[in-house]
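S.K.: Keeping their order, the protein sequence lines are chains A and B. Oh and the first sequence: position 389 is 389 in my numbering, straight run, nothing missing. Oh and the second sequence: position 556 is 556 in my numbering, straight run, nothing missing.
Misleading hints may appear alongside valid ones.
To be verified - Once the Cα atoms are required to be at most 27 Å apart in a straight line, the calculated BS3-like pairs of lysine-lysine come out as:
hint	chain 1	residue 1	chain 2	residue 2
1	A	K34	B	K70
2	B	K97	A	K34
3	A	K186	B	K70
4	A	K97	B	K312
5	A	K312	A	K348
To be clear, the hints were calculated from the coordinates, so they are not data collected in a lab.
2 protein chains.
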Amino acid sequence: MYFTQTFIPTLREVPADAVIVSHRLMFRAGMIRKLGNGLFAYLPLGLRSFRKVEQIIREEMNGIGALEIKPPVIVPAELWKASGRWDAMGESLLRVKNRLGSDFVVSPTAEESFTALIRDELASYRQLPLALYQINTKYRDEVRPRYGVMRGREFVMKDAYSYHADEASLDKTYQAMGRAYRRIFKRCGLSVIPVKADSGAMGGSGSEEFMVESVIGDNTLILCKNCGFGANVEKAACKDDFDAPPSLEAAQIAAASTQPLEKIDTPSVKTIDELWGFLKTEAKSFIKTLIYRALNVALDLSSAPGGTVLEKRKPGTDGTAVYPEAFFAVAIRGDIDVNEVKLAAVLKASEVGLAADTDVVRLTGAPVGFAGPVGLSKIPVIADITVTAMKDAVTGALIQDAHYAHVAYGRDFVPWLTADLRTVVAGDCCALCGGELYEKKGNELGHIFKLGYKYTQAMQVHYLDENGKSRIPIMGCYGIGLDRTLASVIEEHHDDDGVIWPMTIAPYQVLIIPVKYEGEIKNLAEQLAQKLEQAGIEVLLDDRQERPGVKFKDGDLLGIPYRVILGDKNLALEVPSVEVKRRGEQDSYLLPIDGAAEALTGLIHTELAELNR
Amino acid sequence: MYFTQTFIPTLREVPADAVIVSHRLMFRAGMIRKLGNGLFAYLPLGLRSFRKVEQIIREEMNGIGALEIKPPVIVPAELWKASGRWDAMGESLLRVKNRLGSDFVVSPTAEESFTALIRDELASYRQLPLALYQINTKYRDEVRPRYGVMRGREFVMKDAYSYHADEASLDKTYQAMGRAYRRIFKRCGLSVIPVKADSGAMGGSGSEEFMVESVIGDNTLILCKNCGFGANVEKAACKDDFDAPPSLEAAQIAAASTQPLEKIDTPSVKTIDELWGFLKTEAKSFIKTLIYRALNVALDLSSAPGGTVLEKRKPGTDGTAVYPEAFFAVAIRGDIDVNEVKLAAVLKASEVGLAADTDVVRLTGAPVGFAGPVGLSKIPVIADITVTAMKDAVTGALIQDAHYAHVAYGRDFVPWLTADLRTVVAGDCCALCGGELYEKKGNELGHIFKLGYKYTQAMQVHYLDENGKSRIPIMGCYGIGLDRTLASVIEEHHDDDGVIWPMTIAPYQVLIIPVKYEGEIKNLAEQLAQKLEQAGIEVLLDDRQERPGVKFKDGDLLGIPYRVILGDKNLALEVPSVEVKRRGEQDSYLLPIDGAAEALTGLIHTELAELNR
């Protein structure tokens, strides 16, 4: 391809909102342009690399027997109402009303579409397992899209969905997907960190996220220095830093022989530090109690404190009734933070957040700052496991300017529920090996998870098993964002001057720069390009009437792996030669022009083979 | 590919709404499924053929130097407001409001997106010409989607847009596109009829539509039996069936010596036939006068009858002021129908239609049925050319139960405007050669046209020419619908049993049917499949445990070009053989199994070469 016959508008300047490297370089190299907030157009150069990512994903999906289909992007709302996500998804779901007043969704993912297709076609266990995928346009109505295609509103995602007769079959496909994902990222030249993940609004459990390290990552990863274990902080557990907690009965027996509960007036205490000083204690001895508001709680609260007066919504199509709004007191050791994702999972809630001050006052009967589990009766107390291991603890007394000391779990309060609600932090110990954990910021590129029966049950998918019995298939779900995968390749492979493409994703593999584009140099440049193209190598020939310096600068920016320079001096050598420079390497070297095409082809094939291995 | 490892849910029955062959067969062959009204999912088999159409289009676009890009599907409304189409497009445009209240469009075409990209990048004439294209999802909010993917709401279109410094350059690209389109359809095995077309709501002129004959076609084509000329009835002209009309002055001079205008009472006349009888005349002598209501008229009406009282909207970004609503009297020879598309073009209106009866009464001062051009003063009279050639005519007198006889053009009335407004019909004479014209129904698969300056002017695109002068580029626009191209291939290539794919579009090229899938037959079938696949042939091996009859029936339905049957009898011959049947041909023949793969590969390559030539 001749440079003058393509459309690569390179730039020296970038817009002010391009704060990360991939956004800046994709913009400067003429790969993308912005058409609206979070809406990007890929220009010819960007699209070439984009299609390579797409093709790698397609090959790996086909390689494990997944079948490509193409459902519509615009989907009738009925399907989303059937799954319950029409209500659950909130404002990030882009909803459209057409001229006839029917509701539609611009798909952000396609559990509903795939499951609706399966529902109408599935009859027998013989059709299972079945793994289908699409590589298609998606939309998520981000309030604040940024970082270029890394977090756009419209994007392309490969999403696969699998259907199985049993969990063993699901696990087999899940494992195959995990291997395929590792191959995809390796082939793209990406270092990914696979971590255990919370499955978010998707429902289900058993999931793995494929993360890349990123300073602008919106995920915090907890990683073990020792064994390499990785988890999303939203789901990370750690080794307890306390002795195993006693059973409730054991705690009650032990408490009988300890100091009785004592109310202490703390009128002059203004800050938490003053409290420690006043009580001569520390955060580790304090039972911190936070009031949470939770939405759409699917847990049965009929026997919980305050549960009988809660409004309960009618069951949805999947038979689950939810409480639109409920409040909980969460008790946790004073030096530890509550993990709200874990809390939402325990409560089976669509959303949790700290309650408003007015609600705290109403529910605890005391000003903010004096909540505690002792005597709290209007709402259920959820205790983190740490609390059950505490001895001789301090907590708020539900009265202004008063605390309880010598609080004993089992004697002075019994939580309605006990669970792991702890936010793991750097310095905690690995749950697997006890090694020290550390934190990294990461961006999610892919996610595989076992969805379970959520959609197949809600949308009433049935098949007949070997015995003619009607059964519901179990489902898995597997996504990769193409745009952010491409952007992440640039994040990992660049220097100050531009992109340094891995051979597999490079828009072109060889950039030919004739120092001047005329006479013999022009002829030789064209011959070399032709030879390379005949060998299947993708070549960009810079035929612009520009100074060599401009061409070199653009060449560095574009990041094409091999740069071949044709100049008078080297062509006049005894062995007429060209100068070859591998992008990203310091030094260039001479290659005789006779055989240069063959030599370059060999080098490129070697690099491709290494990445695709 | 093994049949049991793909997902091809064939059916005997079809839904009631599948009334055309391609819809029925795509559904029965498991190529598509419906997810909503006008919303279809391509299943694996359908997607394979779809991708082949896509690839042919991509190759031909690249072949003429067009560059592929990928703009978003969801586009900010500002771009559509800048072009004026936000108002002009009406309800077929799907509009979305996002969570922040911003307006967006689900693209039906992309003049705005491409032009916005160009606007920001174009600086110099050296960048021109530039032809860009995308193959991307589109949406048109059809009120009544039907005929499967032939007229869906969501569809995929290749749309290209070119930008030029002058008309000569535009014409060169326009011609190249015309040749590329002919190649695309030939490679798909389609017989298309290229016809002159009206350019509809797109604006501009100089356009060609690529039609396929279809009983459900929504276009009427006018074709010449003699010279092969073709035109869309919306734009078709014909050779006049009357002597060249006189000039206004000549008509006035001639009229002075003819019978004077005479008012005739026609009280008992109820029907148009009775009128002819009563007046002893015929339709050809009658000046039919119809009152039309036109929307968004861009023609200057300031000097027209009634023009000064019209509401005039402020000029849009392109500087054109329009009249939101205006009325016109159209006078035409009684035996001819008005072509409303021609009328809209003459008036530069976004829409025209017959006025309501109340408006007719208000504007003509007479009941419906007595309109005529003589004495009509409240609105402009637009005369078809036929009227200017009429002598001694009859027309309505703008009074109940009265007509005028001996009406003479130029003496008794002078139209505000004269134009060709005639609807050409079968039997009229070809404008080029005088041959007899006939009609066909057709479906549009592609459309190329010279858009002119409509978008580049409205969206203020500028570049500097050789002399440093700022200029606006001229634009061309070129679309192909992929879904309906694929459906049209089936419409043209099928029989009662199923599809008969052209080799280029076939989802697989060889279907191998082992009569039973076990023992030696199974081994040989797998070896044959392997050999063919190694030669690059796409093979479907029917490994299902089904009766041969079921496999043959499905084979006919799927339409894979070559069917190879492996059975005990032929494999036990002295020269062990397989039975080969070309889909669509009556007879099968035996081929020695040794060398069968090579022979089939040769046949397939020959067919591919023939179509791709």
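S.K.: A separate judgement is required for each hint: does it hold in the structure or not?
M.R.: Each hint tested on the structure:
1. About 12 Å separates the Cα atoms of K34 of chain A and K70 of chain B, which keeps this hinted pair within 27 Å; it holds.
2. Under the criterion of a C-alpha separation no larger than 27 Å, the hint pairing K97 of chain B with K34 of chain A is consistent with the structure, at around 19 Å.
3. Annotation: proposed proximity of K186 of chain A to K70 of chain B holds, straight-line Cα distance about 26 Å (limit 27 Å).
4. Taken as a hint, the K97 of chain A and K312 of chain B pair is broken in the structure, with Cα atoms around 32 Å apart against an allowance of 27 Å.
5. Using a Cα cut-off of 27 Å, the hinted pair K312 of chain A and K348 of chain A holds, with the two alpha carbons roughly 14 Å apart.
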